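Novice: Each residue of the sequence shown is one higher than the one before, starting from 1452 at the first, in the numbering used here.
Derived from the structure by calculation, the hints contain no laboratory data. If you're wondering where the values come from, they're calculated on a predicted model, not measured in any experiment. All residues carry an ideal CB built from backbone N, CA and C; glycine is no exception. Mixed in with the good hints, there may be bad ones.
[Claimed, not checked] With a straight-line Cα cutoff of 35 Å, these simulated DSBU-like cross-link-like pairs (lysine-lysine) come out:
id: 1; residue 1: 1532; residue 2: 1457
id: 2; residue 1: 1525; residue 2: 1498
id: 3; residue 1: 1517; residue 2: 1498
id: 4; residue 1: 1487; residue 2: 1561
id: 5; residue 1: 1498; residue 2: 1457
id: 6; residue 1: 1525; residue 2: 1561
id: 7; residue 1: 1488; residue 2: 1498
id: 8; residue 1: 1457; residue 2: 1487
id: 9; residue 1: 1488; residue 2: 1517
id: 10; residue 1: 1561; residue 2: 1532
id: 11; residue 1: 1561; residue 2: 1478
id: 12; residue 1: 1488; residue 2: 1532
id: 13; residue 1: 1457; residue 2: 1525
id: 14; residue 1: 1498; residue 2: 1478
id: 15; residue 1: 1457; residue 2: 1561
id: 16; residue 1: 1498; residue 2: 1532
id: 17; residue 1: 1561; residue 2: 1517
id: 18; residue 1: 1517; residue 2: 1478
id: 19; residue 1: 1478; residue 2: 1457
id: 20; residue 1: 1532; residue 2: 1478
id: 21; residue 1: 1517; residue 2: 1532
[Said to hold, decoys possible] If you anchor each label on the Cβ, the simulated ranges turn out as follows:
id: 22; residue 1: 1470; residue 2: 1562; range: 53 to 61 Å
id: 23; residue 1: 1553; residue 2: 1511; range: 49 to 57 Å
id: 24; residue 1: 1558; residue 2: 1584; range: 32 to 40 Å
id: 25; residue 1: 1514; residue 2: 1553; range: 42 to 50 Å
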Amino acid sequence: MAVNTKTEYALRALIEIAHQGQVSAQKICEAQRLPKKYVEYLLSLLKAADLINSTAGIMGGYSLAKEAEEITFKSLLEAVKDESFATACQQRKGKFCIGHGCTLAPFFTKLEGQLNEIFESYTLQDIINIWERKV
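Please take these sequences and the hints and turn them into a complete structure.
Specialist: Shown next as C-alpha cells:
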C-alpha cells in the first residue's frame, strides 16, 4: 500500500514532536531528514486541525495539542487532506464512477467504511510503539 508523502512526512513530524515534547520545525527536519518548506506547510495543516500547538519565539516550537493516544491516524489523514485511501466511487463521483447504476458502489462503500474503522483504531501512540520496536 502506498502512503503519500503528505501523510508520511506529517506522521514523522508528529512522532518527532511526541518524542521531543516541544521542538522547532528545523529540528524536526534535521532529525527526520525532511524538506523544511514542505514540513512547515504540513505543520500548518496539523495546527489548523488542532493536532499540534505552536509557540513563537526563540524557545518556541511545536507540541502535541492532545495526548498521543487521542490522535488517530484518520485525524492525520483528514488534517493533511489525504484522500488517497478513498475509493474511486466515493472520492470523485462522476469522474471515474459510472454513477447510480454501478453495481460495485455498495462494495466500495463497505470497503471504505472498513478502512476508516481501521484508520480510526490506530493512534499516534500505537504507531510510535510499532515504530520503536523496529528502530
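Novice: It remains to establish, for every hint, whether it holds in the given structure.
Specialist: So, going through the hints one by one against the coordinates:
1. Under the criterion of a C-alpha separation no larger than 35 Å, the hint pairing residue 1532 with residue 1457 is consistent with the structure, at around 9 Å.
2. Restraint check: the Cα-Cα separation between residue 1525 and residue 1498 comes to about 15 Å, which is no more than 35 Å; the hinted pair holds.
3. Distance check on the hinted pair: residue 1517 and residue 1498 sit about 11 Å apart at the alpha-carbon level, within 35 Å; holds.
4. Taking the CA atoms of residue 1487 and residue 1561, the gap is near 38 Å; set against the 35 Å cutoff, the hint is violated.
5. The suggested pairing of residue 1498 with residue 1457 holds, with an alpha-carbon distance near 14 Å, which does not exceed 35 Å.
6. The suggested pairing of residue 1525 with residue 1561 holds, with an alpha-carbon distance near 17 Å, which does not exceed 35 Å.
7. Taken as a hint, the residue 1488 and residue 1498 pair is honoured in the structure, with Cα atoms around 15 Å apart against an allowance of 35 Å.
8. For the proposed pair residue 1457 and residue 1487, the alpha carbon gap of about 13 Å is at most 35 Å, so the pair holds.
9. At roughly 24 Å between alpha-carbon atoms, residue 1488 and residue 1517 fall within 35 Å of each other, so this suggested pair holds.
10. About 21 Å separates the Cα atoms of residue 1561 and residue 1532, which keeps this hinted pair within 35 Å; it holds.
11. For the hint pairing residue 1561 with residue 1478, the CA-to-CA distance comes to about 41 Å; that exceeds 35 Å, so the pair is violated.
12. A threshold of 35 Å between alpha carbons decides the hint, and for residue 1488 with residue 1532 the separation of about 18 Å falls inside it, so the pair holds.
13. With a CA separation close to 13 Å, the supplied pair residue 1457 and residue 1525 stays within the 35 Å bound.
14. At roughly 17 Å between alpha-carbon atoms, residue 1498 and residue 1478 fall within 35 Å of each other, so this suggested pair holds.
15. Between the alpha carbons of residue 1457 and residue 1561 the distance comes to roughly 26 Å, so the proposed pair stays at or under 35 Å and holds.
16. Proximity of residue 1498 to residue 1532 is assessed by CA-CA distance (about 13 Å); at most 35 Å being required, the pair is judged to hold.
17. A threshold of 35 Å between alpha carbons decides the hint, and for residue 1561 with residue 1517 the separation of about 30 Å falls inside it, so the pair holds.
18. Between residue 1517 and residue 1478, the direct Cα distance comes to roughly 21 Å. Compliance with the 35 Å bound is thereby established for this hinted pair.
19. About 18 Å separates the Cα atoms of residue 1478 and residue 1457, which keeps this hinted pair within 35 Å; it holds.
20. Simply put, residue 1532 and residue 1478 have alpha-carbon atoms about 24 Å apart, close enough for the 35 Å limit, and the pair holds.
21. Between the alpha carbons of residue 1517 and residue 1532 the distance comes to roughly 20 Å, so the proposed pair stays at or under 35 Å and holds.
22. A C-beta distance of roughly 34 Å is found between residue 1470 and residue 1562, which places it outside the suggested range of 53 to 61 Å.
23. Remark: the range hint 49 to 57 Å for residue 1553 to residue 1511 is upheld by a beta-carbon distance near 51 Å.
24. Hint check: residue 1558 to residue 1584, Cβ distance near 35 Å, so the stated range 32 to 40 Å holds.
25. Separation of residue 1514 from residue 1553 is about 46 Å and conforms to the stated range, judged on CB atoms against 42 to 50 Å.
Checked against the numbered hints listed earlier, the structure breaks hints 4, 11 and 22; every other hint is satisfied.
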